[in-house]
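Protein chains: 2
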Amino acid sequence: MSPGIFETELEKRTANYTPLTPLNFLRRAALAYPQHAAIIHGDLRYDYRTFYERSVRLASGLGGLGVGPGDTVAMLAPNIPAALEALFAVPMLGAVLNMINVRLDAATVAYILEHSEAKAFIADREFGSTATDALGRLQEKPRLIEIDDPLAESGQPIGGEDYEAFLDSGDPDFDWPGIADEWQAISLNYTSGTTGDPKGVVFHHRGAYITTLSNALVHRFTPQPVYLWTLPLFHCNGWTNGWVVTALAGTHICLRRMDPAEVFRLIDKHEVSHMSGAPIVLNALVNAPPELRRKTTHVIEFTTGGAAPPAAVFEKSAEIGFNITHAYGLTESYGPASSCAWHGEWNDLPLGERAHKMERQGIATLSIDEMAVLDPETLAPVPADGETMGEIMLRGNTVMKGYLKDAPATAACFEGGWFHSGDLAVVESDGYVLIKDRSKDIIISGGENISSLEIESVLYHHPAVLEAAVVARADERWGESPCAFITLKPDGEATSAEDIIAFCRENMAHFKAPKTVIFGPLPKTATGKIQKFMLREKLRALGPRKEPEAS
Amino acid sequence: MSPGIFETELEKRTANYTPLTPLNFLRRAALAYPQHAAIIHGDLRYDYRTFYERSVRLASGLGGLGVGPGDTVAMLAPNIPAALEALFAVPMLGAVLNMINVRLDAATVAYILEHSEAKAFIADREFGSTATDALGRLQEKPRLIEIDDPLAESGQPIGGEDYEAFLDSGDPDFDWPGIADEWQAISLNYTSGTTGDPKGVVFHHRGAYITTLSNALVHRFTPQPVYLWTLPLFHCNGWTNGWVVTALAGTHICLRRMDPAEVFRLIDKHEVSHMSGAPIVLNALVNAPPELRRKTTHVIEFTTGGAAPPAAVFEKSAEIGFNITHAYGLTESYGPASSCAWHGEWNDLPLGERAHKMERQGIATLSIDEMAVLDPETLAPVPADGETMGEIMLRGNTVMKGYLKDAPATAACFEGGWFHSGDLAVVESDGYVLIKDRSKDIIISGGENISSLEIESVLYHHPAVLEAAVVARADERWGESPCAFITLKPDGEATSAEDIIAFCRENMAHFKAPKTVIFGPLPKTATGKIQKFMLREKLRALGPRKEPEAS
Chain F
345 MSPGIFETEL
355 EKRTANYTPL
365 TPLNFLRRAA
375 LAYPQHAAII
385 HGDLRYDYRT
395 FYERSVRLAS
405 GLGGLGVGPG
415 DTVAMLAPNI
425 PAALEALFAV
435 PMLGAVLNMI
445 NVRLDAATVA
455 YILEHSEAKA
465 FIADREFGST
475 ATDALGRLQE
485 KPRLIEIDDP
495 LAESGQPIGG
505 EDYEAFLDSG
515 DPDFDWPGIA
525 DEWQAISLNY
535 TSGTTGDPKG
545 VVFHHRGAYI
555 TTLSNALVHR
565 FTPQPVYLWT
575 LPLFHCNGWT
585 NGWVVTALAG
595 THICLRRMDP
605 AEVFRLIDKH
615 EVSHMSGAPI
625 VLNALVNAPP
635 ELRRKTTHVI
645 EFTTGGAAPP
655 AAVFEKSAEI
665 GFNITHAYGL
675 TESYGPASSC
685 AWHGEWNDLP
695 LGERAHKMER
705 QGIATLSIDE
715 MAVLDPETLA
725 PVPADGETMG
735 EIMLRGNTVM
745 KGYLKDAPAT
755 AACFEGGWFH
765 SGDLAVVESD
775 GYVLIKDRSK
785 DIIISGGENI
795 SSLEIESVLY
805 HHPAVLEAAV
815 VARADERWGE
825 SPCAFITLKP
835 DGEATSAEDI
845 IAFCRENMAH
855 FKAPKTVIFG
865 PLPKTATGKI
875 QKFMLREKLR
885 ALGPRKEPEA
895 S
Chain S
345 MSPGIFETEL
355 EKRTANYTPL
365 TPLNFLRRAA
375 LAYPQHAAII
385 HGDLRYDYRT
395 FYERSVRLAS
405 GLGGLGVGPG
415 DTVAMLAPNI
425 PAALEALFAV
435 PMLGAVLNMI
445 NVRLDAATVA
455 YILEHSEAKA
465 FIADREFGST
475 ATDALGRLQE
485 KPRLIEIDDP
495 LAESGQPIGG
505 EDYEAFLDSG
515 DPDFDWPGIA
525 DEWQAISLNY
535 TSGTTGDPKG
545 VVFHHRGAYI
555 TTLSNALVHR
565 FTPQPVYLWT
575 LPLFHCNGWT
585 NGWVVTALAG
595 THICLRRMDP
605 AEVFRLIDKH
615 EVSHMSGAPI
625 VLNALVNAPP
635 ELRRKTTHVI
645 EFTTGGAAPP
655 AAVFEKSAEI
665 GFNITHAYGL
675 TESYGPASSC
685 AWHGEWNDLP
695 LGERAHKMER
705 QGIATLSIDE
715 MAVLDPETLA
725 PVPADGETMG
735 EIMLRGNTVM
745 KGYLKDAPAT
755 AACFEGGWFH
765 SGDLAVVESD
775 GYVLIKDRSK
785 DIIISGGENI
795 SSLEIESVLY
805 HHPAVLEAAV
815 VARADERWGE
825 SPCAFITLKP
835 DGEATSAEDI
845 IAFCRENMAH
855 FKAPKTVIFG
865 PLPKTATGKI
875 QKFMLREKLR
885 ALGPRKEPEA
895 S
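Chains as they are written, first to last, in this note's numbering: chain F, 345 to 895; chain S, 345 to 895.
Calculated from the structure, these hints are not laboratory results.
Treat the hints loosely; a few may be bogus.
Note that the list lumps identical chains together, so a pair holds whenever it fits in one copy or between two copies.
With a cut-off of at most 30 Å between alpha-carbon atoms, the simulated DSSO-like pairs for lysine-lysine come out as follows [said to hold, decoys possible]:
| # | residue 1 | residue 2 |
| --- | --- | --- |
| 1 | Lys-356 | Lys-749 |
| 2 | Lys-463 | Lys-613 |
| 3 | Lys-463 | Lys-356 |
| 4 | Lys-780 | Lys-868 |
| 5 | Lys-780 | Lys-639 |
| 6 | Lys-356 | Lys-485 |
| 7 | Lys-356 | Lys-876 |
| 8 | Lys-876 | Lys-613 |
| 9 | Lys-833 | Lys-485 |
| 10 | Lys-833 | Lys-868 |
| 11 | Lys-463 | Lys-780 |
Treat the numbers as computed from the prediction; the structure is a model and nothing was measured.
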C-alpha cells in the first residue's frame, strides 16, 4: 500500500518536531516576565530572570562535576528555592533529579543514593544528620553540595561544598544542552513499597510536559497563580506543580514545613491563589484555632489527593474559602491520574451526598487515555453498578517509564497492556470510580468482605474523631474483624470504645462495625501516610480477639 | 557507550506510550458530563452524550462510504453542530478533515476538492450554489452529504444525501479505530498563497493535542467555559478552540454569521465566558448601538488575532467587559503561535502606551519552542532594539507537517531548520515581537487573508487593464482592504472603478475584490519592477478608507 498523500514528503523536521519537555517553560517565563516574582522564601524574592539564571548556574556547576545525560543528581531538601532550581537545572543537562523524602531514615536514604547511582547529592543542613549517616554507609560517595538555609530552624554541617558558593562559580550563560529525545528520563521518585526496598519510579520528559499542561487545566490553574507549597516537592515533583506554576509564570511561595499559623499568614500576605496537599493538610488547616485562620476571603483552589477528603473536612474547607478538587493518582502516574470532575448541580445536594460525590476518584484526567476498573485476572471491565470490585488500571502518556533496575516489577505492573495500580474500586452508575480498598486492605470477616476505608469514612463523621485507621485483627470467632485506631480531637468531647462502635453500627451494616477500638496517635510515613503495617504488627502482638472482649 | 540505567528495560509500552490526539477529549467529556450542554444552536441543545454519539454515527457513516485512514473529507459549512461533529468524527477514522472557507468562489472550492482528493463532501445548503457550481467542475465527484439547517436564512438543494438521515443510518456503537501514530494528519486547511493556487496546510494529531492544552491555558480558559463561535471553524479549526472547549467540557454556542445584535443576545442568554475573533469582530461589537449591547456585566475573555486591535477598539472592549488577549499566528502554526503575554502593571499606563503594549505579537506560546526574529539571509537573530527588522521564524511541535503535495513550497518554508512566516518584525527591548510588515503580499481584511497577487492576476484579464498592482490600504471597518492601482491601455475602452470592482467580484470570492481603485502610471524601479512601497506611502497619505467610499 502506498503511503498516501498525507505521508508523502511531509516528514518530521527540526522546525516542526522537537522533544516535549517542561524545560522550555522556565525559559519562556524568564523571557515574558523577567521581573515578576518567581520564588518567595521568607524575605527572599527571586524574579524569573534570577530563577532562570540560578538554574543555569546550577546546571553549569553540575556539568563541571561531570554530571551528564542519564546521570542521577539526588536531593534531600524541603520546599526551598534550591529544590525548584534543581527541578530545572538537572534536566537541563539531560540528567535525572531524584528528590528524596526528608522524613526517611538514613539507611533508606543510603539505599536510594546507592541504587540510583547518584553522582551528586544536594542536601539541606536541617537533614544533615540523616545525610551524614547515609553517606557514611556508602562505598562510593557522590559529590556533596550542602544548603545552609537561614530559614532552617536547626541543622548541622555535612562537609560538602556550599550551595550558594557552588552557584556563584557556575556560568550564567551556560548553553545547556537539554535533551535529544522526549523519552529520556527527567526525574526519579522512590515510592515506599509495602514490602522490602523502595522502588525507583522513572518519569520522562514527554510525560512531564503533558501532565503539566493537563494538571494546570484540571486543577483550575490560571495564568500567574500564587502557589503556596504545602505539598512536598519530593512527592512526584510536587504532583508536577513545580512545572505547572512555572509554565504559568506564577509565584512559588516556599515553605519548609506545614504549620497552620504560617500557612494562613502566607495566604494573607501573598494572596495565595492555589494550593494542594493530602487531606491531612486540609484537616490541620480547617481544625486550626479560629484566631490563626486567614483574614482574606478570596477563593483558593485546593487540590487534594492520596486519600479522599472526609465529609467534615470537605465541609469545613468551604468555610475557610477553599474550593476542593479531589485528585487520585500514584507516583507511577506522575501523581494525578484522575479527578472527581465536579458537576455544578451537586452543590445543591445535602452535605452527605455532596461529600459522597467528592470522595470519588472520578474519571481520567486529560493526560491519561483510559482509567478502567478491570477484573485483575481476566482484564474484563467491571459493570458500572457501584458494587462489583475490580482493580484500577491506567493507560496513557503520563504513566512512568518503569521501575529503575527492576525489570520484573516493571513487567509485572504493566502486564496485559495496562498499568496495574493495586487499588480496588467500583464504578458507579455515572462512570465515576470509587476506591473501596487497597488490595491488601480488605478485611474478610465471617466470610464477608469489609472495606476498611468504608469504616474509616464513617468514623470521620464522629464528632470526637480527628483521625482514624482501620485494619484487620485476627479474630477467634470471625477469622478477622475490623479494629479501629483512633486519634481524638484535643478539644473534643470524651468518648469510649463502646460509643464509637455504637456509632458505627448506627451508620453502617452491623457486621462491618469495628470490634476493637484503640485510642492514641497513629504511626505515619514520612509522607504523612498512615502506616497500617505498624498497626497490624501491634495487633499481632496483642493476639487474636476473643469473643466477649467487646461489642 | 552503554545505554545507561535509565534506558535499560524501560522501553515504550502500550500502557505508557499512546498517540497524542484530541479525540480522547470528546470521549472524556461524554464520560464525565454526559448531560451537560455541549452544543447549543438556536433552540437545539445537544448534551455531551449526544455530541459524542452523533460524532460516532457520522464516523460510522463515513466509514461505510469507504472513508479510511489518510482520506480527505471536505466540508463547506458555517459554525453549526455538524462542523463540530466532523471535527471529531473524521479523525476518528484516521481520515483528514478539510474545512473550506464558505466565502470562497466555486472555482477555488473546486480546486480544493480536487487537490485534496476529497472522498466525501459535506455542504450546507446556504452555500448550495457554490457547492453545485464547484461539483460541476469536477471530473471525479466526492460523495455528497448536504445539511439542511433550519436556522439557515436561505439555501438550495445540492442533490446529496441528507446529513441527518446519514447520521441516523450510522452505528452509535461503532468502534472507531482512531490512529496508530500521532504524526498522522488530522486536518487540512487551505491558505491563500501569494501566488495562484491556495496551499493545503496539514495538521497532525500530536500538534492538535498539544496546541489545545497550550491555547486553553494561554487564552485563559477554565473548566466548562461557555464559548460563543464568533470565529469561523474553517480558520485553523477555529484556532483549535473546537478541541479546547470540548477538552474542558464546555458549551459551544453555534453562530451562522457575525451579527452584533445576535451576539449580544447570546452572550446574555447563555452567560458566555469566552470568545475569539479578528479585530473586525471586536470592532463591530464595540461600535454596535448601545441598545443592542449586552446587559450582563461579567468579564468575557476574548482572544483576538490576525491583526493588532487598534487602540480605540482595545479601549472600548474594556467598556463592554471584554478582557483581550492578543494572539499571533498563521494557519501553518495551527493558528496561535504567540501572544502578547500581559503584565498587570501595564494596566496603569495611559491608553496610548497600553495600546502599544497590546498591539505587539509578544512571545511564543507554551507549545512553540522558539519564536525568533532572524535575518532571512543569515538566520542571525536581530538585536532587541525595536528597530532592526527580521523575519519571524518558528520552531516547535505546533508547526504544520507541511504543504500537501507541494514539496518545493514545504522545503522552502522550512529552510535552515525554521518555519519562515514571511512576516517582518522587530524585537523590542523587553523581548516582545512587533510586526512591521509582511514580506509576502498578503492583505488581511476582516480576518481573511487575501493574496494581492491573486487579485492582480484577475485584473490582468480585464480588457482595459495594462498594468495592475494591489496593496493593502488601512480600512476603518475591515482593518485592511485591497487597493488596486491600475494603468489603462492607451487604446482601450473607457472604464471606471465600479466596473473594475464588478469585474473582480465576478471572477473571485467577493470579499477579495478591491475596495479602492486608483488609475494612473505605476512607480517603477530602473529594472521595471513595480515599487509597491511607494504605493503604500501614497495610501498612508490618503488615510484609512471609510465605509461608504466604495463597495
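Against the structure, the hints:
For the homomeric pair Lys-356 and Lys-749, the shortest alpha-carbon distance between copies (16 Å) is at most 30 Å, but the shortest distance inside one copy (33 Å) is not. Taking CA atoms no more than 30 Å apart as the test, Lys-463 paired with Lys-613 passes in neither setting, with 39 Å inside one copy and 62 Å between copies. In the homo-oligomer, the alpha carbons of Lys-463 and Lys-356 lie at most 30 Å apart only across protomers (26 Å), although the nearest pairing inside one protomer, at 35 Å, exceeds that limit. With identical chains, the CA atoms of Lys-780 and Lys-868 are at most 30 Å apart within one copy only, with a shortest distance of 21 Å there and 62 Å across copies.
Taking the closest pair of Cα atoms, Lys-780 and Lys-639 never come within 30 Å of each other, the shortest separation being 38 Å inside a single copy and 49 Å across copies. Taking identical chains as interchangeable, the C-alpha atoms of Lys-356 and Lys-485 are never at most 30 Å apart, the minima being 43 Å within one chain and 32 Å between chains. With identical chains, the CA atoms of Lys-356 and Lys-876 are never at most 30 Å apart, being 51 Å at best within one copy and 34 Å at best between copies. Taking CA atoms no more than 30 Å apart as the test, Lys-876 paired with Lys-613 passes in neither setting, with 38 Å inside one copy and 54 Å between copies.
Proximity of Lys-833 and Lys-485 under a CA criterion of 30 Å is satisfied in neither setting, with 41 Å inside one chain copy and 77 Å between copies. For a Cα distance limit of 30 Å, the shortest separation of Lys-833 from Lys-868 inside one copy, 17 Å, qualifies, whereas the shortest one across copies, 89 Å, does not. Proximity of Lys-463 and Lys-780 under a CA criterion of 30 Å is satisfied in neither setting, with 42 Å inside one chain copy and 50 Å between copies.
Of the numbered hints given earlier, the model fails hints 2, 5, 6, 7, 8, 9, 11; all others are met.
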